[in-house]
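Here the protein sequences line up with chains A, B and C, keeping their order. Note that the working numbering has the first sequence beginning at 1, numbered continuously upward. Note that the working numbering has the second sequence beginning at 349, numbered continuously upward. Note that the working numbering has the third sequence beginning at 600, numbered continuously upward.
Calculated directly from the structure, the hints in this document are not laboratory data.
Derived list of chain C stretches under chain B, where covered just means 3 residues or more per stretch with a C-beta under 8 Å from a C-beta of chain B:
| id | segment |
| --- | --- |
| 1 | 612-623 |
| 2 | 649-659 |
Chain B is faced by these chain A residues, among others (derived, beta-carbon under 7 Å):
| id | residue |
| --- | --- |
| 3 | T49 |
| 4 | E54 |
| 5 | S55 |
| 6 | M62 |
| 7 | Y64 |
| 8 | A66 |
| 9 | G68 |
| 10 | S69 |
| 11 | E87 |
| 12 | T197 |
| 13 | G198 |
| 14 | G199 |
| 15 | G200 |
| 16 | R202 |
| 17 | N205 |
| 18 | L207 |
Glycine included, every Cβ here is placed at the ideal spot set by N, Cα and C.
The lines below spell out each chain.
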Amino acid sequence: MAKKLYKGNEAVAEAAIQAGCRYFFGYPITPQNEIPEYMARRMPKVGGTFLQAESEVAAINMVYGAGGSGARVMTSSSSPGVSLKQEGISYIAGAEVPCVIVNMVRGGPGLGSIQPAQSDYFQATKGGGHGDYHLVVYAPGGIQEAVDLTMKAFDTADLYRMPVMILGDGMIGQMMEPAEIPEDYQPIVTDKSWATTGGGRRVINSLYIQPDELERVNLRLQKKYALIKEKETMYDEYLTEDAELIFAAYGTTARICQSAINMLRADGVKAGLIRPITLWPFPDAPFAAAAARDGVKKFLTVEMSCGQMIEDVKLSVGGRKEVAFYGRTGGMIPMPRDVYHYALSVMR
Amino acid sequence: MAVVFKKTSMLTDVPLHYCPGCTHGIIHRLVAESIEELGAADKAIGVAPVGCAVFAYNYFNCDMQEAAHGRAPAVATGIKRVNRDCVVFTYQGDGDLASIGTAEIVHAAARGENITVIFVNNGIYGMTGGQMAPTTLPGQVTTTSPYGRDTSHCGYPIGISELLSTLKAPSFIERVSVHDVKNVVNAKRAIKEAFRRQIDGKGFSLVEVLSTCPTNWGMNPLDALKWLEANMIPYYPLGNYKDRDKEAASK
Amino acid sequence: MAKLTFASEICKGCGLCVNACPKKLLELDKSRINKKGYNPVHITDQAACVACAACARMCPDCVITVER
Chain A
1 MAKKLYKGNE AVAEAAIQAG CRYFFGYPIT PQNEIPEYMA RRMPKVGGTF LQAESEVAAI
61 NMVYGAGGSG ARVMTSSSSP GVSLKQEGIS YIAGAEVPCV IVNMVRGGPG LGSIQPAQSD
121 YFQATKGGGH GDYHLVVYAP GGIQEAVDLT MKAFDTADLY RMPVMILGDG MIGQMMEPAE
181 IPEDYQPIVT DKSWATTGGG RRVINSLYIQ PDELERVNLR LQKKYALIKE KETMYDEYLT
241 EDAELIFAAY GTTARICQSA INMLRADGVK AGLIRPITLW PFPDAPFAAA AARDGVKKFL
301 TVEMSCGQMI EDVKLSVGGR KEVAFYGRTG GMIPMPRDVY HYALSVMR
Chain B
349 MAVVFKKTSM LTDVPLHYCP GCTHGIIHRL VAESIEELGA ADKAIGVAPV GCAVFAYNYF
409 NCDMQEAAHG RAPAVATGIK RVNRDCVVFT YQGDGDLASI GTAEIVHAAA RGENITVIFV
469 NNGIYGMTGG QMAPTTLPGQ VTTTSPYGRD TSHCGYPIGI SELLSTLKAP SFIERVSVHD
529 VKNVVNAKRA IKEAFRRQID GKGFSLVEVL STCPTNWGMN PLDALKWLEA NMIPYYPLGN
589 YKDRDKEAAS K
Chain C
600 MAKLTFASEI CKGCGLCVNA CPKKLLELDK SRINKKGYNP VHITDQAACV ACAACARMCP
660 DCVITVER
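Just chain A, with the same shape it has in the complex (with noise of 0.2 Å):
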């Protein structure tokens, strides 16, 4: 199959249907309405659902419906929009509902601007709603990446009974790149004698009145984060075999570094970079390898945040490396060379 020019947005809900998405619930929020609009025109011609929910919080909820009763369902937003959703994603994860939600981050807080941002990392990794509860979150770097791992995040969610984020910026959703959807994607198909279609006695339900019941429930969640963690994590490495200075950067940020680790090696600077592609499960076993090597001299995270996966960062490294920090912030977008001569400064 022949690669086609994908808007980012775009790209993901088609692979969304691809990976056998049948219901879309969304609401409109800039940097991400190709997405709801592409279901809307796409939805009724495969047979599927597309349906405008009066909100965000409706709108999770929704998706909570459709995934109790089995079915592959999809939402997205942008950063207050998934705010709104937190709630309705800690029902999901309690009640091991499986669902995919697209977050293309833009600035906040508040209602904080339309511009790409990757301040709400903490919100993705650490919980976002109340609860002991993680998603997985997948950070695409690329249109065919976010390709890849929205189709993958479907499998995720089906998999381990659980909500999956995709996590782009505006950037991600907004940009072009070629990128190749595949059409003969074999969705892998699990259990789901679990879900409510009618007929059953079966509860889809996150309440567990007794505290002791309701610590069995959260410690076999538990049992099952940390299977996730050993098969889940991904992550991807740059030139970081001689490195002496390993970025840490995901997304949109870590394409930048990319360009100014070209920069630094021009100069003879050894640079390298560690991509998250899973943001929970965070990798820390390559930092924790590299921050082990004689010659790596520094980490340097970059961000488009005031440094929030820093701090995951900071725990992999376990102290016995500096790890300096680099971030623009509000929809700023760094520039290769504002990177490069950052890294030049952390390195004299």
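Put chains B and C on the given structure of chain A with help from the hints.
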């Protein structure tokens, strides 16, 4: 001997947790009987609310989902869109439906979502200990309106049946009561009709059932029935508020 | 000839059935306390019952089965 009355098999054997004399139990029974009598037992999916009826998933003998506070109509929407041949219902109290869930109920009704909503209005938050509800009557004392509901401070009760009946899409909206046998029988008729509309694909149906809360009203169960009749019915008149079948017939 | 059967252990003694009986044949049995701690309902004159089931229709807990 012939059985004149026995418990419907659409209710489980789990004893209800409701306080003595609380009319939730009657309403549960009417919903369950209606589903059974309409032959929908094998395709019913219910959505429980947050509030006193939060454990409804333990009682209705069918597939159930437990929703976040006020979100049951959105959850039911998701369920129904996937299971178009199933009979999907929500069971919600007044705090759940008429306060935190106003957006979800209004839009489910406006879409004509083909679900049935059982709305239990007892004018108070029961589960949390008797706080003021959006349906609390003017002057009524609750734990958060200890001097009586002051309408100059927090406005007037919301008439959900009146409000939703202004929408075009709903097929059937009726307000009933369960304060005596005659009204219980009538409530059953309305609830059954509401489910029938869904089964016939007519769209959104809602039955508002006036109900008691002896514990938080601070009355014995019999006085609570009398209080409902004397105080709630004048403010919340019983009757049909919307019937698209009749509207169509009269045109 | 009518017969009422009571699931006495789940009766909460609320008295809605007592009030509903048109022939005033039901009362809370003050001589008994069930596992829940309530005085359960009983019938005082089975022979006088006409099996109208008004009691059962008002019972919030489905305690009463009516046969005729």
